[in-house]
Amino acid sequence: MSIVRWKPLIHQLPLVRNPSLSLREQPKRYIRCCPKNPSLSSSAGFVLGSKPDSGRNLRPIVEAKAAQSPPLSQETDLISSEQFTVNRIKKTYGKVSVKLERRCGYEARWMLEVSCDLVGKWILHWGVSYCDNQAEWDQPPPEMIPPGSTVIKDYAIESPLNARSEGQSESAVQIEIDGDTPIGAINFVLKEEETGRWYHNKGRDFRVPLRGSSEDEITLSMKQSVSIWPEAFDQISNMLRKHEESDPAPAPILEDNSDTSSKKPIIAFHEDYTVIKEEPVQNSMTVTVRKSDKSSDKNIVDVDTDIPGHVVLHWGVYMNESKNWHVPPPPYPPATKVLRKSALQTLLEKKSLGLGNRGSFALNKEVKGLVFVLKLDEYTWVNNMGKDFVVPIENSTSGHEEKIEEKPGTVSSTDKSVDTGAAPYTENLISGIRNLVDDISSHKNKAQKTNEEQDNILHEIEKLVVEAYRIFKNSSVVEKPDKSVDDTSTTPTQLVVSSGTGNGHEILCQGFNWESHKSGRWYHELGEKAKLLAELGFSIVWLPPPTESVSPEGYMPTDLYNLNSKYGNIEELKDIVHKFREVGIKVLGDVVLNHRCATSCSENGIWNIFGGRLNWDARAIVADDPHFQGKGNKSSGDNFHAAPNIDHSQEFVRTDIKEWLCYLRKEVGYDGWRLDFVRGFWGGYVKDYLEASQPYFAVGEYWDSLSYTYGEMDYNQNAHRQRIIDWINATNGTAGAFDVTTKGILHSVLERCEYWRLSDEKAKPPGVLGWWPSRAVTFIENHDTGSTQGHWRFPAGKEMQGYAYILTHPGTPSVFFDHVFCFQEEIRRLISLRLRKKIHCRSTVKILKAEKDVYAAEIDGKVAMKIGPGFYEPERGPKNWTVAAEGADYKVWEAS
Amino acid sequence: MEVSLSGPKVIVTKLKDSKVKRLGFSAPGFGYSGSNFVDLRRKCRVNWVGLKAIRAQVAVEKNNAPFRKEKVQSQTPVELLVGLPLDTVSKSNTINHEKAISAGLRALKLLGAYGVELPVFWAVVQPNSPHEFDWSAYLAVADMARCAGLRLRVSLNLNGCHRPNVMLPGWVLQAAETDPDILFKDKSGALHKDCLSFAVDELPVLQGRKPVDVFESLFRSFSSTFKDYFGSTITEITVSLGANGELRYPSFPPTTDSEFTSVGEFQCYDKYTLSQLKQAAESAGNPLWGLGGPHDASKYDESPNNSNFFKDHGGSWNTPYGNFFLSWYSQQLLHHGDRLLSIASNVFGDLPVQLSAKVPLLHHWHEMSSRPAELTAGFYNSAERDGYDAVTEMFAKYNCMMIIPGMDELGSNPESLLHQIKQACEKHGVQVSGENSALVKQGTDNFGKIKENVQAGLKTFTYQRMGADFFSPEHWPLFREFVRGMERSQLDADDLPEGNGGGVSLSADSEAGNNREMQAA
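The listed protein sequences derive, respectively, from chains X and B. For the first sequence, the positions run 1 to 896 when UniProt numbering is used. For the second sequence, the positions run 1 to 521 when UniProt numbering is used.
In case anyone wonders, no lab produced these hints; they're calculated from the structure. Treat the hints with care, as some may be off.
[Unchecked claim] Partner residues are not named here, just some residues of chain B that face chain X (Cβ under 7 Å, in silico):
#1 H97
#2 A100
#3 A103
#4 Q442
#5 G467
Don't be surprised by glycine CBs; every beta carbon is placed ideally from N, CA and C.
Here chain X stands alone, though its shape is the one from the complex (with noise of 0.2 Å):
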């Protein structure tokens, strides 16, 4: 039979001194801090069944706590009667039985099977090796595992045992195994769940060796297990020869290997376990001081306790207050043992049916008190929280124990009573400060000091840390962000209006899509709108192009004058934006100023002359756009090539364009504007017009191309929105941008599942938004993009994701105009958050997760988001989140 054990910690320090070789018979030093923590004050455990004799150093710490003293009794000549709680560790043995079978009836079925006959819910955790090193663990083929298993990553199971039968307290788990399996080895390891505690072999794994095993593993059974192996013998002792003969070296097992004569076979296999299973027990112990009816200069002490079995008490007494250990005069009582003149141990008597130990004893009325520890067993004593029991002996009639309470700052050798009671140790203080000297009394004042102490440092560890922030927060210098913005020159408390950002509140809604033309009556249609879109909660609606248009959509205008268009005549325009601004919403002209359509062609033919109140001509138009042969200068930026472009350089045309802007503030009262291809001219003579024309809110179209490798975005597309920023400082930050970065980053995050994207490599926002937040307008989806052109369409599905990300971000979000029908609620709740938490512009993102599946921000501190599959939960802690919207792969939290 072997022997197991339970606790491999238990090993790593053997007590190397023997007790009788002490230098002083003092009782034992016990420093179990902190007893409020379970997993300390529990010893309890399984430690290794090896006979109590054996000469292992297995001291369990047992503690004792005292209990509220009863009330006293009437007798007159009882002095004081206090009760201790004792814990201390019951040792139950039992077995576990390790077998290996072939199945009855089976030829090449085997079966193993691991039982355990100690009451507990047992988990046998199992692996198993596919080569010749043993050690390795590795997942069992499914099918050899038994019904009710969990498996633990890829290299174990974790099987229960179960009950034999009803009410039994053996259990056990099967395994079965197929005799061809290139299973080596299967290792394991038990569980007791209840307590959580690991069952090892000796340290290590359990070992069952299919088909013999490596020539160590060999003599170490035979040795352990002599008395087993008959048991089994006829069974294996063939094959076990056989295995021997073979070559030590033992071949690779293959895994696919048909030949199974080239494998050794299965080996039965049977061996058992000692157990000990330690289960934390508490019991009582009271100690009554009484004078002596017999003699008049004598109090006697009665010690009582439920503890069974032998119990020794390891005791002295002091004389006065410093508590040193003294042996008191003799006679001692009966089974008293005298220990170098410093302390006895008394072997209590035994109550009646195993009930208990009591004793007795006479102590003289200069005896101050009672010092003690208890030994159960040669390696077990209980001690009180660390400390002696301490009965302290009044001879005053009173009964009342006097406690005389330690100054703080006294010296060291200051005696004082100490108090029985538990110690009120703080669950946060740092216990464990050792005392390494010697003296006994003074270990205790100072593990009594070292409390307070730890108090005020923690306190003192605080402060300091509360200094420190403080300062290095005044001192840290303000990364200013990369490009030269300054973006706090305007702090949206103060709620300075600039063109760029309106209030720095706003929330845009794209009031058409590319189909609106059709019923030709739009103004009507949308103006019906209006109440809904200012109770959704949008300050700024852009409206479509107003003028006449070679294109029924209204892009590609003829004469600027002229407002009649598919939308609806000027009358309803300006009726419309009456309208619009009745419920407080912001209106903007959608202007297109890059491009314009002749009316009538040159005479070479080429269509280059303008109608309508500005009848421009060629020289209008940029030289560099070989289709309409302008006259004018080269292009200040990119063309566009269905129509021609109109030359800004040219004063007159900029002189122009803002009377035309000034006139449809004036005339239709537009708010503000939305430049369409922006691209095309430099954004300084945007400046020019915005000036002109003094809008409430602009912004800008540039829309062109994020950096792809191969087909792939990059993850850095830096050079993309730089080019955007680029434009919005042209205009010297009076218009801000449609953020196309953010959009074309979300298309890769969505569709590609690949969330980590939303980080820049300064933990920012990857987009316009993450560098200059207050000029970037954030949208997902635009007439071009989406709606029936589908240019770029955000990706299906996922649109509510692309919105919880830009209507809790910073930024002025915009709201595509079939989105606000599709997801009227999804959004209504998350521009209400946006509102609610007062999230603008220039909010500042703190990201918490960019990963493969899950991106989580918090915005201002105020608001915290996540979108995408994976998990993410706002921190617990002192502020309180809320659920405020959710969605598919998308939820927001509001701190309250």
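Chain B: place on chain X using the hints.
For chain B alone, kept in the frame of chain X given last:
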């Protein structure tokens, strides 16, 4: 296959062996032998009151030790350090936020930290010429640490750093203006103003002096200036072996800093490196290979999957040319490291300090067979080749401790790379210390990861780094609990040998720790 389960078992195995018992007897009353433990006791006695001694040190269980390992490793407490702010000393050689640091030092001491790490920058010490040194501010910081009773690990950075913006010394950059090729140059010609090319180590490019000589005189100056501090206050010197204070090429873009996590680019386009490449190619009998770096490697932040060079299947990294180039490229790095370590061990060898150097944990893209981020940084590591063996061998040669950052990184990539490096260290007997890559954030398990790594056997652990965020209400409590949690698990081991024959605690806590370990597995 190794299993974390093996952890607790190891302990028992080795402790059950008679060896340990014998050890136990040889040190009566302790049950431990080994100077470390005795040392701990001594400290306990000295710092008796202050929660101080125990706190800093953390008992280590060899949880990740391979089961078959026979070597008995005594449990050593881990020394916990905290990095001082990178801008502790400003470019104008004054101490920044001195009061905050001073308060911080005291707090750390009380919490039980063993010491702090002080980053020293070349540009601060030698701002004007190769002949003058100004250590005054650093000396003042060392004094502060000494007064606070903390140890110092001094990191000698021969490189620059983007945050705070400390580049190479002005006079070095001036030299680089006349000869830009003394700096690392990438494929597009952009210069790294934070790092001298390894190829000029032994060329007289700095006002007629060789960089290695300049470094040596810097080391010597440090050694003589701080002579009173060695052993008592300064216990460790970390030398930077490349960019970012680590043994590596500056494979990240010249404008970004070390937080760059993409693949990066090979840095071999300065004329000195190119000429060495040319030579190497000629002696390899293939002069065409010496014309430049791989033409088909990806750009800094491009996906390596799209690059012909790095792609998993059929990538040119896995061709004779790839092998030639990568071997040469990684050798250059090793030679540079060797040169610096040789100087350092020469200068510091007799001091009672530990020499250490940092190796980056380039786990990004580690899942690709070509390990592209490691390749560009100069570690010829791939699915088929262990690039860290030679590196650790070099560390072993100079008895240099290896500092590995990224101990807080979660995920399988960091784990497997860390495992690989640690194995190499084990093989060559190199001690390992750890750092975290960033302040741990709320709601993450990075501290758990650090704890796990620390308990798996580190000599020291340096938490990076002190500053406003470190002491912020969002972060400090996490850190404090981390330290205290570490100390608790250590307490028991400390508790165990207490008593002169009375009893041994069963140490439920460390047991519980093991359980957690196993359950987490």
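Hints, verified against the model:
Taking 7 Å as the C-beta contact cut-off toward chain X, the hint placing H97(B) at the interface holds, the least distance being around 4 Å. The criterion of a C-beta within 7 Å of any C-beta in chain X is met by A100(B), whose closest approach is roughly 3 Å, and the hint holds. Checking A103(B) against chain X: minimum C-beta separation of about 4 Å stays under 7 Å; hint holds. Taking 7 Å as the C-beta cut-off, the interface hint given for Q442(B) holds, the closest approach to chain X being about 4 Å.
Of the supplied interface hints, the one on G467(B) holds, with its beta-carbon coming within about 6 Å of a beta-carbon of chain X, less than 7 Å.
Taken one by one, the earlier hints all hold for this structure without exception.
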